[in-house]
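Visitor: Below, each chain spelled out in residue letters.
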Amino acid sequence: MTPEPIGYAADAVDPSRPVVEGHEGADYYALMTEALHKILLEKQILAPADTDRVIAALEAPNVTWGARIVAQAWRDPSYKARLLADGSAAAREMGYTIKEAKLVVVENTARLHNVIVCTLCSCYPRSLLGQPPWWYISKNYRARTVREPRAVLAEFGVDIPAEVEVRVHDSNADMRYLVLPKAPADAADRPFEELVGLVTRNMLIGTAIPEPYSGA
Amino acid sequence: MTDEAGKGPPYRGYHDIGGLPGGPVACVERPFDDWQKLSEAIRGALEQKNRTVSLDEIRRVFESFGEHLYETLGFYERRAEALTILLTEKEIVTREEVLTRMDAIAASRGQRVDHAARTVEAL
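Chains A and B are the protein sequences, given in the same order.
In terms of the working numbering, the first sequence opens at residue 1 and continues consecutively.
In terms of the working numbering, the second sequence opens at residue 217 and continues consecutively.
Isolated chain A (complex conformation) (with noise of 0.2 angstroms):
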């Protein structure tokens, strides 16, 4: 079995083509895995830890680990200041390292919705919220959401009213983007715990709102 060619396919997109959505291979690539980490281990490049210890990196972030850093900004406007100027920093003073990038945080308002994906790859906070849905990381998320986010969130049961703006910001491999959402009217008065059980990982992604904004 040769390998498969390797070629640059600069111009390879026609803008005019819907994207194909495929899942082949699951199985197939299951099983190179575990040849691969086989033949690694015999060759002793990899040792049993080494997996382990990354998977347990892997496993430990939750979407709780954002929830928390949600409320505390619901709670305390100048720790929301900090984490709006300083999304790293202000996850860091909650105990948590944002490894792969740079953190942004976008606050949701009465007039503005923020949604967050990426069209290029699937980039997303891992260590702060783990693996990304499989929604997000599918094809038909990555390039629809930059040109019709409204119909998008229409499909999550979410509606923006027409006077609330939508803005949809595109990941990359420097920025990763955690939305703030609008906090509960009461919010600064109800348990820290309490408002951190009210954040999904939906909404931190923007395809969820606690509230309607019509409510608002």
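There may be inaccurate statements among the hints.
Pulled from the structure, derived: some chain B residues nowhere near chain A, Cβ distances all over 10 angstroms [what the hints assert, rightly or not]:
1. R267
2. E273
3. G326
4. L339
Footprint (simulated), chain A over chain B, 3 or more residues, beta carbon under 8 angstroms [stated by the list, open to error]:
5. 228-242
6. 248-255
7. 296-304
Just so you know, these hints were derived from the structure itself, not from any lab.
Small disclaimer: the values here were computed from a predicted structure and weren't measured.
Every residue, glycine too, gets a C-beta built ideally from N, C-alpha and C.
Got chain A sorted already, so can you dock chain B onto it with the hints?
Guide: Same frame as chain A, now just chain B:
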């Protein structure tokens, strides 16, 4: 969609899909499978060991390994393919030894690998 001179194709790669037409977003959840985790961990471990590979290199490979593979494979499958290609390029493994090992593992489980179709099936 033309260049500054008003003609020619848009010069961008097949991975640069922002703004293209697409179907409905499948708003479903899928687990982070063990093999996907292992694949990411192999890359991460090799990156931590003297930067044997980097994520930028993996991206370079799957952003140039051909539109057909990019379109047909899933996200983690593309990354797994790119990892093997990259380690082959760096002469850390050969593709032949990886494919041979896949055949051996599959055979021990009563399975057969079709490398052209990229499938694994029961014998």
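Visitor: Provide an ascending list of the numbers of those earlier hints which the structure does not satisfy.
Guide: Violated hints: none at all, because every hint is consistent with the structure.
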